[in-house]
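Visitor: Residue numbers (this note's numbering), protein chains in the order written: chain A, -15 to 293; chain B, 114 to 364.
You may find that some hints are simply not true.
Claimed, not checked - Selected chain B positions facing chain A (Cβ under 8 angstroms, derived; list incomplete):
1) 180
2) 189
3) 198
4) 199
5) 201
6) 204
7) 213
8) 244
9) 248
10) 279
11) 341
These aren't lab readings, by the way, just hints derived from the structure by calculation.
All values reported here derive from a predicted model rather than from experimental measurement.
Ideal Cβ positions, reconstructed from N, Cα and C, are used throughout, including at glycine.
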Amino acid sequence: MDIFIQQLINGLVLGSIYALVALGYTMVYGILELINFAHGEVTMIGAMVALAVIGALLGAHPELPGMMVLLAGVLVAVPACMALGFVIERVAYRPLRKAPRLAPLITAIGVSIVLQNAAMLIWGRGYVSFPAILPRGRHDLLGATVSDLQIAIVALSILTMFGLVFLVNHTRLGRAMRATAQSREVAELMGVNVNTVISATFIIGSALAAIAGVMVSAYYGLAHYYMGFLLGLKAFSAAVLGGIGNITGAVLGGLLLGVIEALGAGYIGDLTGGFLGSNYQDVFAFMVLILVLVFRPSGLLGERVASRA
Amino acid sequence: MLSVDKVSKRFGGLAALEDVSLSVGAGEIYGLIGPNGAGKTTLFNCMTGLYSVSEGAIRLRGVAVQNAKPHRIVGLGFARTFQNIRLFANMTALENVMVGRHIQTRTGVLGAVLRGPASRTEERETRERAHDLMAFVGLAGKGRALAGHLAYGDQRRLEIARALATEPKLLALDEPVAGMNPSERREMSELFQKLRNSGITLLLIEHDVKLVMGLCDRVAVLDYGRKIAEGAPEAVQKDPAVIEAYLGGEA
Chain A
-15 MDIFIQQLIN
-5 GLVLGSIYAL
5 VALGYTMVYG
15 ILELINFAHG
25 EVTMIGAMVA
35 LAVIGALLGA
45 HPELPGMMVL
55 LAGVLVAVPA
65 CMALGFVIER
75 VAYRPLRKAP
85 RLAPLITAIG
95 VSIVLQNAAM
105 LIWGRGYVSF
115 PAILPRGRHD
125 LLGATVSDLQ
135 IAIVALSILT
145 MFGLVFLVNH
155 TRLGRAMRAT
165 AQSREVAELM
175 GVNVNTVISA
185 TFIIGSALAA
195 IAGVMVSAYY
205 GLAHYYMGFL
215 LGLKAFSAAV
225 LGGIGNITGA
235 VLGGLLLGVI
245 EALGAGYIGD
255 LTGGFLGSNY
265 QDVFAFMVLI
275 LVLVFRPSGL
285 LGERVASRA
Chain B
114 MLSVDKVSKR
124 FGGLAALEDV
134 SLSVGAGEIY
144 GLIGPNGAGK
154 TTLFNCMTGL
164 YSVSEGAIRL
174 RGVAVQNAKP
184 HRIVGLGFAR
194 TFQNIRLFAN
204 MTALENVMVG
214 RHIQTRTGVL
224 GAVLRGPASR
234 TEERETRERA
244 HDLMAFVGLA
254 GKGRALAGHL
264 AYGDQRRLEI
274 ARALATEPKL
284 LALDEPVAGM
294 NPSERREMSE
304 LFQKLRNSGI
314 TLLLIEHDVK
324 LVMGLCDRVA
334 VLDYGRKIAE
344 GAPEAVQKDP
354 AVIEAYLGGE
364 A
């Protein structure tokens, strides 16, 4: 039972990070029906930029409090990723707005490769480790252990998601986004500048990705130029699981995927008699993706594709 | 208010509009009629920036708007509704109208997130204006319903309210009474009069010749992409070319 609760907690922490990244996929898909496969790399850039700032600050002023250094890292990483998201849309997707749907998919993969290699050139091929500036408190919960970091990740994720839901449902920009998602043409004829709305969508999604990138590197204690690939694929799976284009679905899919992965990793050894170990954890995300695509392609909360037309 | 000057629109080799010219004066109710496929909706789409024109010029309050972006044309005071209703079906009726306010408001991402006093005031004003417009078109109290769940006639009214939210000087209605029964048509006709009295110029595409004749100050008749007649309704009604277009030359 202990391991069950422990893995459930670990899964929820991981899942809330997946959810943040999945939101970026789902928002862009909702408006453009485009899978922004470079989104995982934006997450990676967020982690790398934050770590670079943290490293530089600690090098110059080792006496600064850890939380302040971390905050400085986040405050640089978030706008950096917002700018990056804006540029990606302008350069790689907007010129192809009227092209066949395969074309922007190819440029998305191109942007991924460029960003990975740029990160490798700037920060090197090796792992960049997260300095020990985080609180290291641990608490008992129903026989399992929860760290301060885990609590902080979940709390910050929830806060961010509530912010996003408020933005989408109760503001001028959010209304314009929903209108554009339902019909770009009609939104434009009602006076909405659709290009601005699309840019804003990329910018907001990238801000969430930056936060998720810092969280993931803090959680695993390291960052790497290739980390965005797997994280991006898993978050994409989460978005598909929840029903791509649906914001609540992305959150649900992310949390569910995190829990499935953690429980799978926790029990796979027992289930296979020790033949497969917890290093097979990544398999679960993609098993889920395949099962969803086979049995419920529209996802848990997704609409039927035909009703969007 | 609006002048269309020798506009042609071709799709490949097919000429949907040939050399069409017309002008709508401020305060008028101007009707655009013609048989199916005459090019009425194509002309609408050219005016509102959905299609680029192949030749010719369109001026809105003196500004050349052929090939301008649709949201720019809305900004100049030209709003429209659609022949086949195109509401944001998954949003509430009130939200549909609030989207129409977009161009009249300013709050950006930062303002919306930080909830400054200016953005909160703006949001409240947007909501109040949307409520007023709903009441104006006869939909008071129906703001919370999803647009897609409203009755057919109410959806037509909601489209008008959404268009009005952009604060147009010129409102173009594409077959606004299609599919309505006579009493609904009468109510809509009253609504159009009310709109005109509030200072809005109306451009009306309509099949229902009776409604057009009773309501419009002037009408233009399109047939096969050409304007075959223009003038006061009574005169146009007696025009042999119009009678031929409608009755297939047997009259």
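Visitor: For every hint, state whether the structure bears it out.
Guide: Outcome of the hint check:
{"no.": "1", "hint": "180", "in the structure": "violated, 14 angstroms"}
{"no.": "2", "hint": "189", "in the structure": "violated, 10 angstroms"}
{"no.": "3", "hint": "198", "in the structure": "violated, 10 angstroms"}
{"no.": "4", "hint": "199", "in the structure": "holds, 5 angstroms"}
{"no.": "5", "hint": "201", "in the structure": "holds, 5 angstroms"}
{"no.": "6", "hint": "204", "in the structure": "holds, 6 angstroms"}
{"no.": "7", "hint": "213", "in the structure": "holds, 5 angstroms"}
{"no.": "8", "hint": "244", "in the structure": "violated, 15 angstroms"}
{"no.": "9", "hint": "248", "in the structure": "violated, 20 angstroms"}
{"no.": "10", "hint": "279", "in the structure": "holds, 5 angstroms"}
{"no.": "11", "hint": "341", "in the structure": "violated, 28 angstroms"}
Of the numbered hints stated above, those contradicted by the structure are hints 1, 2, 3, 8, 9, 11, listed in ascending order.
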